[in-house]
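Protein chains in written order, with our numbering: chain A, 12 to 425; chain B, 12 to 425; chain C, 12 to 425; chain D, 12 to 425.
What the hints contain is simulated information worked out from the structure, not anything from laboratory work.
Among the hints, a few may not be true.
Pairs count within a copy or across copies, as identical chains cannot be separated in the list.
Unchecked claim - In silico DMTMM-like cross-links for lysine to aspartate or glutamate, where the CA-CA straight-line distance does not exceed 25 Å:
#1 Lys409 to Asp47
#2 Lys68 to Glu26
#3 Lys68 to Glu134
#4 Lys68 to Asp252
4 protein chains.
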Amino acid sequence: MGCSSALARLERVREQTERLCEPLETEDYCIQPMVDASPPKWHLAHTTWFFETFVLKEAVPNYKAFDPAYEYLFNSYYEGVGTRHPRPERGLLSRPLVSEIYAYREHVDDALRNLLTSGPEDEWLRRIELGIHHEQQHQELLITDLKCNLGHNPIRPVYLDKPTNPAPPVSSQTTFVAFGGEMSEIGATLTTESFCFDNELPRHSVWLAPYEIADRLVTNGEYLEFIDNHGYQDASLWLSDGWAEKNARGWQAPEYWFQQDGGWFEYTLHGVEEIDLRTPVCHVSYYEADAFARWAGGRLPTEFEWEAAAQSGNDLAHGTFADEAHFHPRPQNPTFCGDCWQWTSSSYSPYPGYRPLEGTLGEYNGKFMANQYVLRGGSCATPHHHYRNSYRNFFYSKDRWQFTGIRLGRNLDH
Amino acid sequence: MGCSSALARLERVREQTERLCEPLETEDYCIQPMVDASPPKWHLAHTTWFFETFVLKEAVPNYKAFDPAYEYLFNSYYEGVGTRHPRPERGLLSRPLVSEIYAYREHVDDALRNLLTSGPEDEWLRRIELGIHHEQQHQELLITDLKCNLGHNPIRPVYLDKPTNPAPPVSSQTTFVAFGGEMSEIGATLTTESFCFDNELPRHSVWLAPYEIADRLVTNGEYLEFIDNHGYQDASLWLSDGWAEKNARGWQAPEYWFQQDGGWFEYTLHGVEEIDLRTPVCHVSYYEADAFARWAGGRLPTEFEWEAAAQSGNDLAHGTFADEAHFHPRPQNPTFCGDCWQWTSSSYSPYPGYRPLEGTLGEYNGKFMANQYVLRGGSCATPHHHYRNSYRNFFYSKDRWQFTGIRLGRNLDH
Amino acid sequence: MGCSSALARLERVREQTERLCEPLETEDYCIQPMVDASPPKWHLAHTTWFFETFVLKEAVPNYKAFDPAYEYLFNSYYEGVGTRHPRPERGLLSRPLVSEIYAYREHVDDALRNLLTSGPEDEWLRRIELGIHHEQQHQELLITDLKCNLGHNPIRPVYLDKPTNPAPPVSSQTTFVAFGGEMSEIGATLTTESFCFDNELPRHSVWLAPYEIADRLVTNGEYLEFIDNHGYQDASLWLSDGWAEKNARGWQAPEYWFQQDGGWFEYTLHGVEEIDLRTPVCHVSYYEADAFARWAGGRLPTEFEWEAAAQSGNDLAHGTFADEAHFHPRPQNPTFCGDCWQWTSSSYSPYPGYRPLEGTLGEYNGKFMANQYVLRGGSCATPHHHYRNSYRNFFYSKDRWQFTGIRLGRNLDH
Amino acid sequence: MGCSSALARLERVREQTERLCEPLETEDYCIQPMVDASPPKWHLAHTTWFFETFVLKEAVPNYKAFDPAYEYLFNSYYEGVGTRHPRPERGLLSRPLVSEIYAYREHVDDALRNLLTSGPEDEWLRRIELGIHHEQQHQELLITDLKCNLGHNPIRPVYLDKPTNPAPPVSSQTTFVAFGGEMSEIGATLTTESFCFDNELPRHSVWLAPYEIADRLVTNGEYLEFIDNHGYQDASLWLSDGWAEKNARGWQAPEYWFQQDGGWFEYTLHGVEEIDLRTPVCHVSYYEADAFARWAGGRLPTEFEWEAAAQSGNDLAHGTFADEAHFHPRPQNPTFCGDCWQWTSSSYSPYPGYRPLEGTLGEYNGKFMANQYVLRGGSCATPHHHYRNSYRNFFYSKDRWQFTGIRLGRNLDH
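Full structure from sequences and hints, please.
Next up, the structure:
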């Protein structure tokens, strides 16, 4: 990535973050509806902190930090940087003000612009590139956390009106496609043009037994059948931890669903809508995805099965990404990506020969490689340019506030 | 209270609440730093809800509620009104917006004005009077909750600059004054002019053994001696529940105190200040007040001892009330009221013959008469006009975020 | 108390503790069904520890402790003695064995016998007297904790068969008796013969307004009416803390009650029995007692009202005490004491001029004088000789595992 | 397995369980030191319940259950059987008595003997075989739970004296052996003679990149170097969840280790012993194993790497198993099995084509395939005959009370 293209890209991404906040009221910036979901203000500041900490403070001699307190306030989890404001208390800070955070962004953007026009070393270019992808990740989190914020407000405010462009016509039948019975190459292929996170490397061989995989996501209609067939009441369908979690939390349907006057509705970022049976089901935990798959006579695919199949699907049209500003899944034609992140049965762990980045940035991915499950495919809240088939997202098995859905796999020879 | 004086008083009090919010930024209105401390926005709305629910909806035919959702959102604890938004989630609501709450206030003020100019029945006048006192109570809570909000922000913002008017000169010596050995009359005397809560009635007789009581509050200087004498480390000074609470929370000093560079400082609503040894100690729990008193060779007075003594002190100048906009205690001359609420050793319980108000308003006081301790005297956050010597405030023994201090009592004949 | 009578009394009480354990199996000695309820083994050891710590280690030169580890293991809450085994883990100790605890008791009994026959100083006689009363208190706790242990076992084992002696005939009508309108003397009268705890002193004057008090306890039949009248569903009857506690714990009836085949039953130490409508209701919290009283148009008496009335009732037959080995309340004729401890509306606090015992024994009572309520009257688990009208028992408002019942009071002039 | 050999094997295993309990006192049978660790009494009963529920009640017409309440009391986690006594309350049951549990075992053993001598169908033979292996699993848990029970008692009782047979001489140097770069066959090979759990099937192919693996376990001496090098203080070595868990629990060394007079000691089932530097380190969590491996420049092997290597090591002598009644790891020569279960980096998940057993027995393994990590190799508490190289044990990453140790792996070509 050259300096000028880097600058253009940086500006585009930074602006996009702010564009996502345009519909917000000042009050919306401050709320943390649960520990996992940070306030918009925090996302705006933390992405900026990332550039300040890992680029400007190291690359720019005599760089003057915007506010020394921010090092503590907006560090997410980097032990190598020092102590930090406790995550559960991100929603307890009325100050710094939203306007101050925007000024912070401008201060850092200016300094980055100066740096980029000064012919920086490659290392800083690489870190800026990482910071851009980091900010895109947080664009998705900003959307999911905002949905959690507004969606748990009893008056269920609208974030954006629904785009009026009609959904494309969709074919009605899910088809299973056979793969496997061979070695597959898994992981990112690095070129000078491309970017990937350290956790997508090294590319390596995996032997895959024969399997089938669905050509699209499970729909609300299919999921409603599971509900109507007492899927939430039948312990034999559930993992033990999942059954306990479901009971403890009283889950009876995906997050944001509710029943009223005998019908099913869900909160979307366009407000409350009736459940559309053709749309991919969304906001389910790993446990629900796994139970549904068992009920449907299938299973979740591994991340390797998923990636091998997805490589074959590159000619397919893709589903909904964030660029469409729809922020809710839509009925799908055959595709592997878009609309909902797809739970795989693979625990998040390092690829053989994995090496984290050097220094504190090594905390970016590696230290989370335990107790979480890999999700693939991107979602309606993911910037399209940020996505690639080797992308490994990861969340805990109980998490439901992301746009998480289900693609079925099946054993082929049994 | 006549209609026109009621109207004047109502307007004054309603304006005063909003005046207290003038220094706030929009972001400050939304924060709930702990379960006990509600956001300013909530106080603005709940006090309005009180008038709407207990006056307008009953007194005004065809009254149109500002927003039907508010009945649920801004009910504090009235079971008789119905379900309500959970208290721990008051800080999770970005909407209604601050501007909408101000519009709500205007809507209700207009309707109250119409009602008052229409010659309402006495019952509505009585309820408006109650609503005015209710709003004054919440003015104090707004200040204490805001201090909790700003004071727990690592950057410790200033609410208001310190008034420049100098504190009056104070005499340096605490004197103990003897009372008791006789029957005392305790409780409010009702006249047509005066107001009191139901919990101050009926006025009744109590026999008091001889006792002494200090003519002013314990100071920071005296409390520092307790700290320096290892008061926080000596279990023999503490109630059992207090010792456990102190250890669980790691208390080593009053709330808002901290040590830096060998000195003691505290957060005030004017920002961080060095501890002033002459100022009454503030933000201590009942446990700390009790342990200090034991260490000092005294004890906390009962609320009856306190009130009997306070009746004799009516000629004294009073301490700091909210009207001075100082919002922090100041060095005292002999007085019984102002600066800090004073923990008494009396559990909050009904006076003999106590009758709560009729109907849902009976939940105002009576249902809290368990597990809490009575505080007397008013504080620097209490509107002066709201205060009277028979006033019974009450909090749990562990609470420290109110302006709570210590007045010593002593047994006389031992 | 002379040495020989002290010795006789000591032996009688120590034997009685062990007699209470005769029906136990080894396994029963080890269980702690909840934090509050200690294992029988612990009671046997702790009462012995009390004599060893406060008498033998101080009074007997070169006294050899039975096992040095016991100082830590069997200290209940005396900070002055040092650290101790955490209370919630008393049921996690399989060792020392039950047989070792009995050997410990023998070791200490022998040493006490030697001490008492050696003509000890008065201080040691006083402490032995205190230890005897301490052991009697723990006899009651042993019974209540054992009921909790067995009663929460799904197979509900029997502790003792029900004595076959028939209950006396009872009169059917509760009468309210008027008192008050005068000064009353409250607290123990100390004579050379009598014993009392420090919290019963000093005897002092209290002015009591006129009131009425029931001549017996509320019965199961009356309490069932409260249940059938939706007493547990009507928030207007409950204290705010009580309503929250009831909801959190799902209370629908007193502890140990359950419904089966349309009827009400309760676990007793004789096994499961049908609810007897004439028996005093038992195992209710302060909150339930208070709600029942409000529903019944009365209130709980203060401890002073109770004691003043009880002094007048000394000619009455008494109710059931532990000496009858019935361990369950029985239908009552007019009496003030026995069967069930009676919740009063008085918070547990020091009498005017209260002085705790000197030194570590001062922790016996004084440090608990916060957040608890006074109960009066003794119960079917209290040794009769241990009881007196000035006796102040105290528990938290949520506690239900003691034999706690209700006596109604009423304002007279309303 | 024929009927007579099944009977002989059944009797041997059932007797062995009771032999393990011979050193116990009655009190030891009842204790549950933490939720995970069940009382010995429960293990004795539950293993018997397993035979009664899955064999006798189905196979024997008119089988008379020993006690109907046991179906509820001793069900571990089988939803298909019905509700059950809550796991956290297993230590709150003094009844049934230990003697009753032994009578229960005799009752069931008699019935099984009758069944086996009556020529039962193959299905019952298969279930009895499963029950035998189930009981052997619980023999290990009985030992680990007992160690937790005794080891957390402040007086640290001895379970068994240390066997006097000397440990074999050991070579001092750990060697890394290279494997991989080929397809490997993973999983059990079923023959008519052998047994395996459903989770070891089907045998399937896995491609393994080249790797190295240590020929023995990490020793206490090596682990002490990690401690002395501030391994517990260096966040960069830890997984994020591990760092949080370590801090929350205050871990500074493996479970059962403590420092005294400058030296390191550990509780063993033979009592307290000084740390032996040559012995494999034991009682570490997955987090500690992972952090140690990172510190040592290696990583944990996958379960596939482990199994492929272990197949090559079949000629090696094995380490310590439960049959030696040593119940503590001992210094090792090169071996793959025995002494300590070895954490692998593999999340516990189904093999491709995995099928759980039919019916309720399908809950045995499959429903736990989430959030846990696979351990391999057996331990000093595992019956040797119960062990095989394809055996997959699984625990949560935070668990430390099993005999869990560390074998290092390494990437070969980086």
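Hints, one by one, checked against the model:
1. Lys409 to Asp47: both (12 Å within a copy, 21 Å between copies)
2. Lys68 to Glu26: Only inside one copy: Lys68 and Glu26 sit 22 Å apart there, 48 Å across copies, limit 25 Å.
3. Lys68 to Glu134: within (13 Å within a copy, 67 Å between copies)
4. Lys68 to Asp252: neither (44 Å within a copy, 29 Å between copies)
Violated hint for the displayed structure: number 4, the only one.
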